[in-house]
Amino acid sequence: MEKIGAVMVVGAGIGGSQASLDLGDAGFKIYLIESSTSIGGVMAQLDKTFPTNDCAMCIVSPKLVETGRHQNIDLSINCEILDVSGEAGNFTVKVKKKSLYIDPDVCTGCGVCGQNCPVEAIDLFNEGLAKYKATSVKYPQAVPLVYAINKDYCIGCGICLGVCKAKAVQYDREDEIVDINVGAVILAPGFDEYVPPEGNLYGYGKYKNVVTSIEFERILSASGPYAGKVLRPSDGDIPIDVAFIQCVGSRDYSGVGKPYCSSVCCMYTAKEAVIAHEHMHQIEPTIFSMDIRAYGKDFDKYIIRAQEEYHVKYIRSRISSVTEIPETKDLRIRYETEDGKILEKDFQMVVLSVGLNPPDDAKYLADKFGIDLNEYDFAKTDIWNPVQTSKPGIYACGAFSQPKDIPETVTQASAAAGCVNQLLYDKRGTLITEKSLPPEIFVAGQPPRIGVFICHCGINIGGFVDVPEVTRYAGTLPNVVMSDRNLYTCSADTQTIIKEKIKEYNLNRVIVASCTPRTHEPLFQETIREAGLNRYLFQMANIRDQCSWVHMNEPEAATQKAKDLVRMAVNKARNIEPLNRIKLSITPKALVIGGGITGMTAALNFASQDFETYLVEKEAQLGGFARHIYHTLEGGDVQEFLKDLINKVKSNKNIHVYTEAEIEDVAGYLGNFKTTLVHGKNKEKAEFDHGVVVVATGAQEYKPKEYLYGQNDKVILQSELEKMINTSDDIKNKKSIVMIQCVGSRNEEHPYCSKMCCAEAIKNALRIKEKYPSCEITILFRDIRTYGFKEKFYREARKKGVLFLRYDEDNLPEVSQEDSQLKVKVTTARKDTIYVNADLLALSAGIISDREENEELAMMLKVPLNDDNFYLEAHVKLRPVDFATEGVFVAGLAHCPKTIEDCISQANAAVSRACTILSKDEVEAEGKVAMINVARCIGCGMCVENCAYSAIEIVEDRRFGRVASINQALCKGCGACSGNCRCSAIDILGFTSEQIYAMITGRL
Amino acid sequence: MGLEEDNKKIEESMRETARKLLEDKEVDAVIGYTEGTLPMSSMAMVITRAEDVDKLIWNNYCYINLATYLVPRIAQLVDPEKGDLKVGVISKGCVGRAIIHLKVEGQLNLDNVKIIGIPCNGIIDRKRIEKEIGQKEILEVSTSGNEIIVKGRDFEEKFAFDEYILNVCKQCKVKSPPNVDDACVGECQEIESVSDDYSDLAEFEALSAEEKWNHITELLEQCTKCHACREACPMCYCNLCFVDQNKPIWFGKTTDLSDIIVFHLIRSIHLVGRCVACGACTSVCPMGIDLNLLIRKVERIAKDRFDFTSGLSSKVMPPMMDFSMNDSQEFMLEED
Amino acid sequence: MTQTETKTESEEWTPKIIAFLCNWCSYAGADLAGVSRIQYPPNIRIVRVPCSGRVSPFFIIKSLMDGWDGVVISGCHPGDCHYISGNLVARRRFGIIRDVLEFFGIEPGRVNFMWASAAEGERFAVLIRKATKIIKELGPIKKF
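Protein chains in written order, with the working numbering: chain A, 1 to 1004; chain B, 1 to 336; chain C, 1 to 144.
Errors might be hidden in some of the hints.
[What the hints assert, rightly or not] So the derived list for chain A, only partly shown, Cβ under 7 Å to chain B, looks like this: (1) Gly370; (2) Asn374; (3) Ile932; (4) Asn933; (5) Arg936; (6) Cys940; (7) Gly941; (8) Asn980; (9) Arg982.
Everything labelled a hint here was simulated from the structure, so no lab data went into it. None of these values were measured; they are calculated from a predicted model. Virtual Cβ for every residue (Gly too), placed ideally from N, Cα, C.
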């Protein structure tokens, strides 16, 4: 069957959007199918995100706008999958596009229909906490910004039909059914949250002041029902004592909830508690928890800060009951503490940290796409490739395959895209069409001839601002040769008018005074480009969102303001020049640093797409950390997998392997790197060009100084125990084995969780129990962090009689040797002191990263390290495998401790991100970049330090000596350099000093 | 011991150090001070031969910040055959600080500069003494004990040294250069930070906005925008100062009060974390404007906000080259 | 050059304020205030800049010299910067500008630095109301 260069992505949350963007940028045609009426999924509902407290909307909305506007992404909302046929490389998917009763191509999103709708209906986005109308968008920043009529609430009064000046309302608009032909499918439907059923233990649904965490998230949000104030639903009072109850619907074996761990609740609960306290300082949050599973990068630090800086109190306990005190509507929580006491405390509000369920339509989707689900009804995936479903050509990412947080979802989205690249690489660019554009009219040096188009936006602007007066005024401004007004400047017919006017008046600058450039600038830029003008010869005046809508009661002042804004735009327009996006050629080769599982996976993916790949390993053999691992917790045979991987790498003609290699220099930048290294016993020199770099340098196991390690040979590492179990009978005679967790993790020296040690200990314990059931195993732990489906193995270990004893950070176990007997003393959280004799003591040593080694490479690549010496990605949430320095990516343990599966996902994700570059012959840089005036520059180097993208370096100029030099390919045009420059030697194209000067001054 | 003897001792050991450096070919040239043409004045001098060291002098009129002669690399200091020359610089505390700070800004290589450290106990405020003397011609000035003796045709007046040094010198905490990267020979000190007290600013800072404005305009009213302060300043080494720029012409070039104020305002912003409090600007001002107030404030901002004092380390990034998540932001507008 | 004065019906003096907003957070927050129809005084004129890091002291001082009665500069909250650290670079600069201006006798209330995220339409409006009130109380900018 012929392979198809198109991909379907089902679900347009952050995962689906990321996968679409990656593949769209790599030259595939994308059909992004969303079941609701806007994209963004759960992330768009969040207030802040952990562990950085980033504003979710700030970081996600640029991505959503990009998704909505991407040339290669065909976005359809309100869709349903009807049928799927075909196989990997060529599927046909029948999709029903359900009618919105509003023509999305005509709707301008002005919102007049929604304001006039008389029927109050429930808004899903604010989680039922705010009222909305039958005609609505899901939320104010929705992409795409089109309204939809909810027929369940619509009474057919016809008001919206009457008020819609764009004539977009069509009550009789019908559903549309289409067949879509694609080569691969990525399923990213996300999750549904657990809703406590009627009669639940916590009184949810019965007591008003008991809310779920996702409802609380909306309460916290500045765009939520109480505008960011934390108020309790029953009476709008500020709650002082707020209780958070964790594991609601998770780790629940009673049959009511789900047995697995939902992975994200510990962190989002801590975040909600922190943000609640931050919003209202009087709030005292208390979190009732079992284990605190803060296993991700910088998560533990966040938990510590929550307790120390935000007064968040943790109580390890189980909840017995929640009852309402009728007079006050306060809630009384009865709970059992770790040491068996039953206590009671009153709270003004209770938040239930609900778990993540598989999406409601998981079974439907699985059935349609012919993929298997696992025992919990999540998508079943390959043990060595967590995005591969049971059916080739169909991939799953995000919470659909297991509960996970945003960075892991984004990583998996890119990983799925990486796998699609591997499958369809030879079909890139076959189904996308390059728009043919007329040559650009040469305008440089000509006096400005400015055309101003002023929008009524129906009545949105026209109702409050005297648009004819503003139009008249615009016409009087210098260099303005025409000014006109339109009902909707963004409508398709106005685009034609704009093009005609450009011709008729010979315009060389165009201004639209309407809504916000954030959503509409690209549309108008496209229009003027089609008319032959450079797309940067455009300006917008925001006279709606920032004028008519915020001064609705002051029409005169609003009109005056609109005139000022238009004048300022004209002043700027007089100073704008055409800009060119510089183009950079790309060397279609990759350098992968590190020959462990991560590096080899990445190299193989690159190589199978016919990209020549250089794989560099400092050791004499490939394999890295995995050489010491025999099995995964889930049962995968690591040695077998590794052997196979090494063979594939060694036999691939596109991969050049360098072992015992030491990199001497990496010069150049995105698309054009040059690396020199020495390798082998004889230190042979090698030099090669490449377009991207993947850093997969791994990490090391901590060598304990504590617990008699190295002094008593009965004290071994968990990895040594694993070797013993798998290669010898030495365990046979051991009666008692003790394991200590968190050795070299979560302490002052290494204040982070190593993530895999809990699984490692339980894996070894289970293996031993299987072989020698009578062997007694005691695991001393601080928190058991078997997140996700790993919880099952924790439960199994308990069932099989493995003894788990919790110790406190301030009360570490003590190991002593009496004669030949090893004794472990532990003070448990119940304050009992217990002595355990150990025939073998296994230490779960953490994962550490070497500063010296990483620092050298980091300097060469101009990328940063975090405090714990792991590489620091460009954005913790949304760019987990990218560096701020373009063309350089990170994957695996070099990023932070993680499991083998996660390493493989990151490797494929890094490949996908790299493919957005390697798939092109050349990349276009941003047009609005920094520009240096060397004659003014004194080379003080301040800009170099201030640039987040390593785009500036100091060079020796023949004429001017030491001066800064900007690599425009790396520059993002933020202007941090320019704002600080004492000599005004740096200017930002598109926001030049002259342009801003003209806006500040030049009043008439 | 009096000032005279102190200075003589310093001068002797300074000459000895310079001689040795030149003889051992550790430097190709030494920049120092020599007698000026008028009483209470001094000039910069470059010597390249050991036998010329006796031309170098040290006294309390050596107001020039010699670091300005290092940046930009003036033609005389670069031998086209040899590349950068190695230069020794007679450095009181503020000259040393300037050299170190210029190193941080990438303007010179400390391998090529020897800081010949000398302790300085203050530069005499010539303008003030002249003002006190009035129209009479000063013919001879000497120091004795702790006094400055000014002689003319038919008068002799005495001034207390501690009182008649530059205001900025009265606050000086770094009298001899910090020893950084072993670039210093002669008298220098290990110093990581200075604890400063800004009580001298308290009176001004307590004024209302209106009063501050009046005080500053009164102070600067005399300014003729001759830019002598800029030329004397080791940190004002831009190729084209912002006041001279066009496209756009942000600020006027006239001597209108607003153009004067804005020049000093922006120059102050540019000097935060960079000014080494040498007072050269004040010494050279032909209108006798004392810029001490601005110097002190600029120092204070860097110290209070970023715990930074310029010219003490070649490693610590100055405030505008660095940033931190935890920087103070008490000035941000917040909801009530 | 004269300034077109904003006058309310009662001819009461109202200030002219110029606001430099970063494209990604604050400008979006201002848009959200609009979408949510949150009303605030009509005195500000917004100039869009890529990042608060772009705002040079020249912009601020020139605005005041040119007769704007007050200036607002708003960026992403620390940690939210679209350009990673542009707002942190800006924060240091703003602290310095503020201190020097104050020292020269220009009331700190003339120049207001703030953070507002893309989700904080309400906060944006509240802070603009507050800044307008502060500047109004200070009266017209002195000519300098």
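Numbered hints the structure breaks, given as an ascending list | Hint check: 1, 2, 3 and 4 fail, others pass.
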